[in-house]
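Let's have the full structure, built from the sequences with the hints guiding it.
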Amino acid sequence: VADRATFEGFYRENLTRVVRACALVLLDRSVAEDVTAEAFARLWSRWGQIQDDDHAGGFVFKTAMRLCAKRARHREVLGAVPEAESPDEIARALDRQEVIRALAGISTRQRQAVVLRDWAGFGTGEVATMLSMQESTVRVHLARGRAALRAALGIQEGVQP
Amino acid sequence: MSETDVRDERLAQVLDRAVRDVRPSPAPERAIRRGGARRAAWLATSVATVSVFVAGAIWAATVVGSDERQPVDRSAPASFSAPEAPWTFEYPSAWSVATTSRAAPDLITNVLRTAVANAPIPHDAAYGPNSSANASSLFSDGGAVVLIERLWTHAMPLGGEDRGPGPFSDDAQNPGWTFRERARCEGTLCFHVVEWFGPAATPEERAAAAEVADSVRLADVDRWTETDGVFTTLHDEDDLFTVTYPADWAASDVPINDRVCSPFEILALATYPPRPGGEAVMDAQLPSHAVEDLGLNDILIWLNDAGSACGGGRRSDGGGPERPEHFEPSEPCEGWTQLCPEPTGRRLGGTQALQLIRGWWLGFDDAGRGFYVFVGMGEEAFADPARAQLAWDVLDSLRFLPR
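In order, the protein sequences belong to chains A and B.
If you want our numbering, it's the 1-based position in the first sequence plus 79.
If you want our numbering, it's the 1-based position in the second sequence plus 12.
Hint data in this document are derived by calculation from the structure and do not stem from the laboratory.
Model, not experiment: these values are computed from the prediction.
A virtual CB, placed ideally from N, CA and C, is assigned to each residue, including glycine.
A few of these clues could be false.
What the hints assert, rightly or not - Stretch by stretch, here's where chain A covers chain B in the computed footprint (C-beta under 8 Å, at least three residues):
{"no.": "1", "stretch": "14-21"}
{"no.": "2", "stretch": "184-196"}
{"no.": "3", "stretch": "248-261"}
{"no.": "4", "stretch": "276-285"}
{"no.": "5", "stretch": "342-353"}
Stated by the list, open to error - Non-contacting residues of chain A with respect to chain B, defined by C-beta distances greater than 12 Å in every case (computed):
{"no.": "6", "residue": "130"}
{"no.": "7", "residue": "177"}
{"no.": "8", "residue": "181"}
{"no.": "9", "residue": "197"}
{"no.": "10", "residue": "208"}
Structure, rendered in structure tokens:
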């Protein structure tokens with residue numbers, strides 16, 4: 080019997096993280112929320128077969144990334160920035176706008192690779208599984224995506240051993 | 013150690029700042045409309061009109077009392093598949109379809125709904141059985157409406173088991189209107205399908221709506237199709253390709269030859285439903301049942317990834333001829349370094365029926381991956397250049413991503 084309480088706990092703990100990952104890939108918060116809802120619904124449908132939180136996390140991110148790819152084929156980058164109301168918010172909005180523009184300049188696959196590897200912290204092997212790619216292909220997407228983002232944002236390599 | 017073996021912390025921080033204030037929040041209801049040119053023109057006119065006045069009032073003025081019922085044409089059903097909706101179904105192509113999302117994940121209760129109707133579907137009115145008393149004003153007394161809904165509480169769709177359709181019940185809010193419900197579940201994931209009819213809905217409209225309800229299925233996340241009624245495009249996120257083919261062709265949902273894992277099947281597509289199974293090996297691992305069913309005017313395309321899916325994971329290898337600019341009747345030659353013309357194909361050995369099939373085995377590389385494809389044609393299809401060309405056009409439509 081699927082354990083509803085355990086699912087709810089996992090959902091509450093991971094909802095924001097999945098929404099943010101989808102927002103970074105899709106550059107559209109509203110669609111990211113829809114995709115996240117659907118990914119968790121699919122997770123719920125398999126909840127009885129889920130072994131632990133890592134398994135659940137891998138499943139929901141993989142499903143979310145597939146749904147993101149599905150959406151990305153049908154629409155384009157919106158990148159709407161909220162109205163700024165204070166100097167701090169203006170700074171944050173400008174910063175965010177710059178990042179969104181940089182992300183919009185790379186492919187969906189590259190965004191997925193960078194978001195999953197660098198932002199979400201999954202290993203390249205896990206990212207490869209989520210995207211149905213070989214690790215070598217993920218590395219190519221990751222290297223190209225990182226290089227383009229660093230160049231667009233004027234940041235140095237931040238890789239730490 | 014490769015650079016990609018470690019996380020880029022600086023980039024992670026920058027990305028994190030960009031989404032730090034992104035939190036799930038209730039979203040306003042949004043309507044996503046789909047339909048033909050007539051409905052699009054109607055919608056454009058409505059939107060232009062509504063923009064001048066208050067939306068709700070003008071909407072009512074243009075719709076109330078009208079009867080814009082759209083005909084049932086079962087000869088050309090359309091397939092509904094959309095990224096914003098988690099289900100697929102067949103419906104009369106002249107009918108209207110609209111998906112309304114209230115599915116922000118953190119709402120306590122909400123609903124994601126696709127409506128199908130023989131009349132224009134209002135995008136800014138609440139409606140439904142036992143809901144608002146506006147059914148006839150929105151859809152006319154002849155309304156035939158199918159509602160496909162997922163209900164949520166705490167982000168989880170309400171679970172349960174398959175049930176229904178139940179008996180028709182009277183709509184308490186709309187005199188003369190009736191409805192019946194059914195639940196469809198896959199695992200613990202359920203959705204509800206409601207058929208809802210006005211008092212003047214014809215038996216044909218009711219039957220068409222029932223067929224819509226019967227055809228609702230949960231959409232696949234890994235593989236899905238979209239169609240304009242003439243051509244269908246299939247997207248496969250697992251095997252990383254898309255292909256476009258005539259809408260009346262059929263792609264198998266399951267491998268039709270699951271006995272071989274290296275190479276491994278990624279697409280079985282035909283002018284008829286390709287039947288899975290058969291003998292283990294028949295002429296280079298052909299899918300026996302599908303080949304046996306191939307008629308004189310039929311075409312079968314069976315595509316394999318040249319890598320391996322043995323043991324679970326999928327690996328793709330190259331090594332064949334480069335993909336040609338346009339596919340044509342040909343086969344690998346010169347030690348598998350190129351494709352050479354083979355205009356008449358090969359005749360399959362075996363029974364008399366199989367000898368009436370022309371076949372080609374092509375191998376090619378694309379996106380760093382290798383592929384084998386079998387193209388089979390009945391004699392009549394082969395003798396009709398326009399029909400035969402469909403097979404090569406379908407191959408030309410293939411787009412692959414690196415694995």
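Tested hints:
Coverage of the stretch 14-21 of chain B by chain A holds. Counting CB-CB distances below 8 Å, 8 residues qualify, and the rule asks for three or more. Taking a C-beta to C-beta cut-off of 8 Å, the stretch 184-196 of chain B contributes 0 residues in contact with chain A, too few for the three needed, and the coverage statement is violated. Counting residues of the stretch 248-261 of chain B whose CB lies closer than 8 Å to any CB of chain A gives 4, so the stated coverage by that chain holds, three being the minimum. Here the stretch 276-285 of chain B counts 0 residues with a CB under 8 Å from a CB of chain A, which misses the bar of 3, and the coverage is violated.
Counting residues of the stretch 342-353 of chain B whose CB falls under 8 Å from any CB of chain A gives 0; the rule of at least 3 is not met. Non-interface call for residue 130(A) relative to chain B: holds, since the shortest CB-CB distance, roughly 16 Å, exceeds 12 Å. Not every CB of chain B is more than 12 Å from the CB of residue 177(A) (nearest about 9 Å), against its label as outside the interface. Not every beta carbon of chain B lies more than 12 Å from that of residue 181(A), the smallest distance being close to 9 Å; the non-interface claim is violated.
A cut-off of 12 Å between C-beta atoms contradicts the statement that residue 197(A) is not in contact with chain B; the least separation is 5 Å. Residue-level check failed: residue 208(A) sits 8 Å from the nearest beta carbon of chain B, not beyond 12 Å.
In this structure, the hints that do not hold are numbers 2, 4, 5, 7, 8, 9 and 10, in rising order.
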